[in-house]
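Now for the letters of each chain:
Number of protein chains: 2
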Amino acid sequence: MFDQITIIGCGLIGSSIFKALKKKSSIKKIITFDNNKSAMEVIKKDNLSDKIVSSSAEAVKNSDLVLISTPSSSFGSVIKEIKESLKNGSILTDTLSVKKGFEVKLDEVNWIPSHPVAGTEKSGPTAGQENLFENRWTIITPSKNAKESDIKKVSLFWETMGSKVKIMSPDEHDKILSITSHLPHVIAYNIVKTVMGHDTKMQKDIIQYSAGGLRDFTRIAASEPTMWRDIFIDNSDLIIQAIDKFSKNLDEFKKVIADKDGKKLIEIFNKSKELRKSIIKAGQETDKPDFGRK
Amino acid sequence: MFDQITIIGCGLIGSSIFKALKKKSSIKKIITFDNNKSAMEVIKKDNLSDKIVSSSAEAVKNSDLVLISTPSSSFGSVIKEIKESLKNGSILTDTLSVKKGFEVKLDEVNWIPSHPVAGTEKSGPTAGQENLFENRWTIITPSKNAKESDIKKVSLFWETMGSKVKIMSPDEHDKILSITSHLPHVIAYNIVKTVMGHDTKMQKDIIQYSAGGLRDFTRIAASEPTMWRDIFIDNSDLIIQAIDKFSKNLDEFKKVIADKDGKKLIEIFNKSKELRKSIIKAGQETDKPDFGRK
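Residue numbers (the numbering used here), protein chains in the order written: chain A, 16 to 309; chain B, 16 to 309.
Derived from the structure by calculation, the hints contain no laboratory data. Predicted model only: the values in this text are computed from it and were never measured. Among the clues, some could well be false.
What the hints assert, rightly or not - FRET-style restraints, in silico, Cβ to Cβ:
no., chain 1, residue 1, chain 2, residue 2, range
1, B, Gly307, A, Lys98, 40 to 46 angstroms
2, A, Asp214, B, Lys60, 48 to 54 angstroms
3, B, Ile67, A, Lys309, 32 to 38 angstroms
4, A, Gln256, B, Asn285, 23 to 29 angstroms
5, A, Glu289, B, Asp276, 33 to 39 angstroms
6, A, Gln256, B, Thr215, 35 to 41 angstroms
7, A, His213, B, Thr215, 53 to 59 angstroms
8, A, His213, B, Met16, 21 to 27 angstroms
Said to hold, decoys possible - Over the 12 angstroms line for every Cβ pair with chain B, so calculated as not near, a few chain A residues:
no., residue
9, Lys43
10, Ser138
11, Arg230
For glycine and all other residues, C-beta sits at the position ideal for the given N, C-alpha and C.
So here's chain A without its partners, still in its complex pose:
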């Protein structure tokens, strides 16, 4: 596939990619670099790079694929740093959660955008898991100018790590993710914000009795702040559309509860069960009670 690749940005995703490739691919040399000093120390200590380098420009030299897995706000400066050092014909990819807007900036490099729809609430280079992409989807959103052979190489790259690959347009990607990922994160943050708006005694109670349902929401609300700031800013318009839909439905639902309309409630609940069943059937969720949580 590739002889040498570079991973720039070694957080949850970057370190998971390193571990997955080491276990499952035949890539000879994987160079990992992170601008953050303490991340670089973990890279050394945990052997998350085949070579320790001191700059992103040095990191990309002779690499056939360069994967940038930083938050989008660092993206421009990374490109600037590495541009002159890229190997001729090398492919660039990324792991950003919002795709629109970036294609313009990156037309000058050989760039095949990808987004692995996988993660945990943990962050940083110690959070990596070699099986993170196993059975998850990676969405590739190539521009019109992208070479078919490059798209195939990037697809195979993700498939090697156990991922399934789907190709779509940036617009389609951002719309789908605004619903399956960005809206749930908005709602999780907002429910946490709402329960934390109580006095100290009540907060203590809320923590104690959180197993009644609340704790589920706190997981994705504990995700990496910088990454999520960038996502909310980059996909702001579509996220607001999703919030508006949610709010309209919530007003209707509130009326059903105020009216104590038992028949309508049962209808809503039965329909809700179906979505979970479909997600489990699609292999995207465990069927174990309570997520198999101990």
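Add chain B to chain A, keeping to what the hints say.
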């Protein structure tokens, strides 16, 4: 503690109580009864009762404690059926998620209300888990007329199953649960409703890419419909108050996203992480990435 007890209603909670008591208590005889025929078949098949009986009246004879774990809408009829057959001095308890309103109806029997704040999204007599109450809280909301010795017996009963016990007023209970449990369920149902309001193609995409966050919400939205219908009806007023607070916060949050106010977003996200940490520290959640889900 008790020589003989009766469990009426053998769903997730009733069957978990049977299993927990069999493993952890010295109660000699536990009689389980359910009005539903197929539930009774599971009770026979899976040995979830020390004696097979054909009515709730028969089930409660000679029992020192009668626990009713049916949805609240069946509550009145169960009480009516068993009232004349109760052993003199026997204690009644329940597992209802809303406490206000029931004290009035039940003043004539020796009743100590309890609510184990534990569960999974599964339901029915096959869903029981012997460790369901381990390290969870059970809230007891005794009336003013309750005997101190009866309260102690019921507390010990839950503690035997590994639960921690807290005593409070029905009002306090219903307020806390409206926030820690009922609001999260409303929001989970509503997000599922919102994502399902799309066309067939989009629904397929939503299912495929649900690992981006959405799937977390579908768990509690798959809970037992009848039970949740009753909860939403019984605690309607407080739930609506909680929804109103949530909606007000969501409007504010939406403005922050529309303004692309990165600083404010980071503030919200950092604060959110704290709540999860507190819940984990309180022993009410796992610290494993992604709930330890496989």
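Starting from the range 53 to 59 angstroms, see whether the pair A:His213 and B:Thr215 falls in it by beta-carbon distance. violated, 42 angstroms
Cβ separation check - A:Ser138 to all of chain B, threshold 12 angstroms: violated, 10 angstroms
Decide, holds or violated, for the assertion that all CB atoms of chain B are farther than 12 angstroms from the CB of A:Lys43. It holds; A:Lys43 is separated from chain B by about 30 angstroms at its closest Cβ, greater than 12 angstroms.
May I ask you to test the hint 33 to 39 angstroms on the CB atoms belonging to A:Glu289 and B:Asp276? Holds - the Cβ-Cβ distance for A:Glu289 and B:Asp276, about 38 angstroms, lies within 33 to 39 angstroms.
Take the C-beta atom of A:Gln256 and the C-beta atom of B:Thr215, compute their distance, and say whether it sits inside 35 to 41 angstroms. Violated: the Cβ-Cβ distance is about 20 angstroms, outside 35 to 41 angstroms.
With respect to the beta-carbon atoms only, verify the hint that A:His213 and B:Met16 lie 21 to 27 angstroms apart. violated, 36 angstroms
Do the Cβ positions of A:Gln256 and B:Asn285 conform to the proposed distance bound of 23 to 29 angstroms? Once the Cβ atoms are compared, 27 angstroms apart, the range 23 to 29 angstroms for B:Asn285 and A:Gln256 holds.
Does 32 to 38 angstroms hold as the CB distance between B:Ile67 and A:Lys309, or does it fail? holds, 34 angstroms
Is 40 to 46 angstroms a correct range for the gap between the Cβ atoms of B:Gly307 and A:Lys98? holds, 42 angstroms
Non-interface claim for A:Arg230 versus chain B (Cβ beyond 12 angstroms): violated, 5 angstroms
Within 48 to 54 angstroms or not, the Cβ separation of A:Asp214 and B:Lys60? Holds, since A:Asp214 and B:Lys60 (Cβ atoms, about 50 angstroms apart) stay within the stated range.
Hint check: violations occur at hints 6, 7, 8, 10 and 11; the rest are consistent with the structure.
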